[in-house]
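Residue-level listing of the chains:
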Amino acid sequence: MENKKFFSKGELIIIFTGLVLPLLFYFSPYAQGLLIFIMMWVVLGTSWNLLAGYTGQVSFGHAAYFGVGAYTAALPFLHYKISPWWGLIAGGIMAVVIGYLLGVVVFRLRGPYFALGTLASAEILRIAFGEEEWLTNGHNGILYITTWVTKIPYYYIIFAIAVASIVSVKLLMRRREGYYFLSIREDEDAAMALGINTKKYKNISMIVSSFWAGVAGAFYFIYMGFIDSETVFALHNISIITILVGIIGGVGTIWGPAVGAIIMVLLQELFRSAIFGLAPQWVSGMHAFVFGLLVIFVILYLPGGVVGDWELIKKKLHLKSNTEK
Amino acid sequence: MGILTLNKVTKNFGGLTAVNKVSFTVEEGEILGLIGPNGSGKTTIFNLINHYYPVTSGEIIFKGINITHKQTHEIAMLGIGRTFQVVKPLKRLSVEDNIMAAAFARETTFAGARKVAREVLEFTHLDHVANMKAGALPIAGRKRLEIAKALATRPSLLLLDETAAGLNPSELDEAIDIIKAIRSELGITIIIVEHIMKVIMNISDRIHAIAFGTTITEGKPEEVAKNPTVIEAYLGTDYH
Amino acid sequence: MEMFLQSLISGLLVGGLYAIIGIGMTLIMGVLKIINLAHGQMLMVSMYIAWVAWYYLGIDPYLSVFITVPVVFYLAKYISKYLLNPLIEKDSILPENQVLMTVGIGIVLVEFMRFIFTSDYRSVQTSYTGQAWHIGGISIAIPLFWAFLFSIAATIFLFYLLMKTDLGRQIRATAQDRLAASLMGISAEKITIFTYALGSALIAAAGSFFLPIYYLYPDVGPEFTAKAFVITILGGLGSTVGAIAGGIVLGLAETLGATYIAAGYRDAFGLIIFLLVLVFLPGGLKSLTKV
Ligand SMILES: Nc1ncnc2c1ncn2[C@@H]1O[C@H](COP(=O)(O)OP(=O)(O)OP(=O)(O)O)[C@@H](O)[C@H]1O
Ligand SMILES: [Mg+2]
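Protein chains in written order, with this note's numbering: chain Y, 8 to 332; chain L, 805 to 1044; chain G, 3 to 293.
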């Protein structure tokens, strides 16, 4: 945690690449769509990583904030025809409110119990939003004709959100808050003895984390034009995948979630398209299977994730190329 | 009136009374030794002072404030720092970052916290390992880091729980010097728990002895060392 | 009144099945100190094995116990040995890496089954499928009844194993204090691996008895995993009796809640009780009885 320039040269190159990338794929809405999903997962992964990777509170229920964000954009539209675009802010705020309320319950729990508590809260929301048809239109979901046909503007919006989320985490981590998050993660009892109000700082971490998850949820509705409770509160497709994005990329690293998001989306697409149609069709059903194997591999051999164990990976690759010579 | 007063403090763990109506006062600027055989309740007393556990009965007054029911972090902010007998380093952070995390108790800026951390690193002779991960430190370093973290919170009272255990003779001398300097140079009041007689007799102004959670005696080191109950309960017959 | 009695009896019977899920999980939690998020997936694997045995070989699901138990036992043994155990010494930022590993294992199991069997719903047709006994106005589904009896038998077996055998004593010692157990000459590693396999085998046996009752599809695994941890926490960790109580409470809560409050919230009742217990009664139901 040295107090050098805010962004290193490498980081600026990454951000610049993100800026020009959609222009390279100007004529491929398909590629742009993938880029948009990658960015959305960067936001979700970064959000989870702040709470779990940096603060040690391993949430198994990030779908709760994602879903609340999405519904905050969708419900005023459904009932009052208010533009869902307001949701980009309101969804974040609403997710913070829910995050804070859930925090009252789940922050009384530690370790695996916290994980289960968050999982259960997201599941309760999923069921409730599916059942309360008068409010949410139930399992029929909420439909919205998206604003633009072209994908480029969506990309730049979610790209800006992704960069903002990463900047916010970076900012926090070089301040007192960041040191306190890490202290809580490493040893909560020691942290309290150092004068750290652990409850307060867990809440701060939760507020920022749930905000970004909520914004991502609102964006999802605006971009996709459809949500129902099974999609946005999904245990597997949202909560669990968010965790896996973090783990594969590297928990407790700034760029880990971004790397994890890229790997996850590309892998999924690679298999879904049956390796660009080169492989037999049955391969397309295997993306989740392969992803699961990847998770097992990473936990066993790269516990720090791709970013966290980058030195290790480099060494391994280096050794290989040396022996080949 | 002293800086810290325990008034008939009692702690029950289920059926076990770990601390039984213990009362004592620590004067400002003093080093008070707290001794007792294994399992007599010394660590528990520390855990009660900083409210790691709630007391069963009795009260604890620090600088005129009743802290009996205050939370751990509030007590730390009021100025009681402590070390843990079973050390609690922030393992994946560097030694310096460990101390910085503690320094943020009184500092709001990165630069301010770092300045404090550098001072403390030097004071505790940890500067040469500043960039090492705390989890990689050998035991002597970890014990020292406990003291360093506590110091970085700028306490006016420091609770040291067996910070000299497991050290070799030269490390021990260094530790004694540091503890003495904490009082003489930083003016911090200390309660020290230690099994090593050389340390406790050498450092303490006064000693409070307990056994089975109950006070046996209190007094000057040489008086306590002569007390027959202490010898029987704690020092054993082969103490000379 | 009749409706209430009916719900009560169904709830109790279902609760008995849940108890058996909870006991396996409790055992694993007690010794490995982890939440096994692949627990329901083992049940699902067992159900598929039983289904294949029935569909292709005509073996009655109840008899397939003799296949599902050994297969899942060894599957779990290898998982525990090669995937979970190595993590004990690995330093990782999140202490929950074993739990996360079970998530990965769960995904692989579910997706593997989906790959082979697709997401289609499957069920078995036996002479007792859909049959029920009628007593007064109350009906008792026969497969549910057998499964309930099996639960009781399995519980008694487990009690005997834990309390009266040497192996059981070693398991309990390891659960209580791993280090102390190793010092007493118990191979904590072996016991840990065995316990994971045993807990999984238990739920595999349950799979054979569940097949005539529940529809089978890959995602049935995660659903039962969720129930398993609810039961375990309700009962208080590591307590076998607690797991039985937890199972019955969940069964009753679901059935009565679905009858009297709202059917759609059936799965939410357990979770809500779960959260309440987790927060207000951290020791689970066990702590109500233990002074
Ligand atoms: N959290 C706890 N729950 C139950 N009993 C406890 C707890 N903490 C301490 N005890 C018991 O209280 C008694 C006092 O323990 P304590 O650790 O305070 O002793 P100590 O004087 O610090 O011993 P040592 O010199 O070995 O460090 C012991 O019998 C111990 O087993
Ligand atoms: Mg002690």
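For the record, the hints were derived by calculation from the structure and aren't laboratory data. Ideal placement from N, C-alpha and C gives every residue a C-beta, glycine not left out. Treat the hints with care, since some could be wrong.
[What the hints assert, rightly or not] Keeping only pairs whose Cα atoms sit at most 25 Å apart, straight-line, the calculated DSS-like set for lysine-lysine is:
no., chain 1, residue 1, chain 2, residue 2
1, Y, Lys-321, L, Lys-937
2, L, Lys-984, Y, Lys-206
3, L, Lys-919, Y, Lys-12
4, G, Lys-79, G, Lys-92
5, Y, Lys-177, L, Lys-937
6, G, Lys-92, L, Lys-895
7, G, Lys-35, L, Lys-895
8, L, Lys-984, L, Lys-867
9, G, Lys-79, L, Lys-937
10, Y, Lys-207, L, Lys-984
11, G, Lys-92, Y, Lys-323
12, Y, Lys-321, G, Lys-92
13, L, Lys-937, Y, Lys-322
14, Y, Lys-158, Y, Lys-88
15, G, Lys-192, G, Lys-79
16, Y, Lys-177, L, Lys-895
[Stated by the list, open to error] Some, not all, of what chain L presents toward chain Y, calculated at C-beta under 10 Å:
no., residue
17, Asn-854
18, Val-891
19, Leu-894
20, Glu-911
21, Thr-912
22, Ala-917
23, Phe-927
[Unchecked claim] Computed far set for chain Y versus chain G, every beta-carbon distance over 12 Å:
no., residue
24, Lys-88
25, Ile-100
26, Val-112
27, Phe-121
28, Tyr-163
29, Ile-211
30, His-243
31, Val-302
32, Val-305
33, Ile-320
Evaluation of the provided hints:
no., hint, in the structure
1, Y:Lys-321 with L:Lys-937, "21 Å, holds"
2, L:Lys-984 with Y:Lys-206, "35 Å, violated"
3, L:Lys-919 with Y:Lys-12, "19 Å, holds"
4, G:Lys-79 with G:Lys-92, "20 Å, holds"
5, Y:Lys-177 with L:Lys-937, "21 Å, holds"
6, G:Lys-92 with L:Lys-895, "14 Å, holds"
7, G:Lys-35 with L:Lys-895, "22 Å, holds"
8, L:Lys-984 with L:Lys-867, "22 Å, holds"
9, G:Lys-79 with L:Lys-937, "36 Å, violated"
10, Y:Lys-207 with L:Lys-984, "36 Å, violated"
11, G:Lys-92 with Y:Lys-323, "18 Å, holds"
12, Y:Lys-321 with G:Lys-92, "20 Å, holds"
13, L:Lys-937 with Y:Lys-322, "21 Å, holds"
14, Y:Lys-158 with Y:Lys-88, "23 Å, holds"
15, G:Lys-192 with G:Lys-79, "10 Å, holds"
16, Y:Lys-177 with L:Lys-895, "21 Å, holds"
17, Asn-854, "6 Å, holds"
18, Val-891, "9 Å, holds"
19, Leu-894, "4 Å, holds"
20, Glu-911, "8 Å, holds"
21, Thr-912, "6 Å, holds"
22, Ala-917, "7 Å, holds"
23, Phe-927, "17 Å, violated"
24, Lys-88, "28 Å, holds"
25, Ile-100, "24 Å, holds"
26, Val-112, "6 Å, violated"
27, Phe-121, "9 Å, violated"
28, Tyr-163, "33 Å, holds"
29, Ile-211, "20 Å, holds"
30, His-243, "7 Å, violated"
31, Val-302, "4 Å, violated"
32, Val-305, "8 Å, violated"
33, Ile-320, "16 Å, holds"
Against the hints set out earlier in the document, violations occur for numbers 2, 9, 10, 23, 26, 27, 30, 31, 32.
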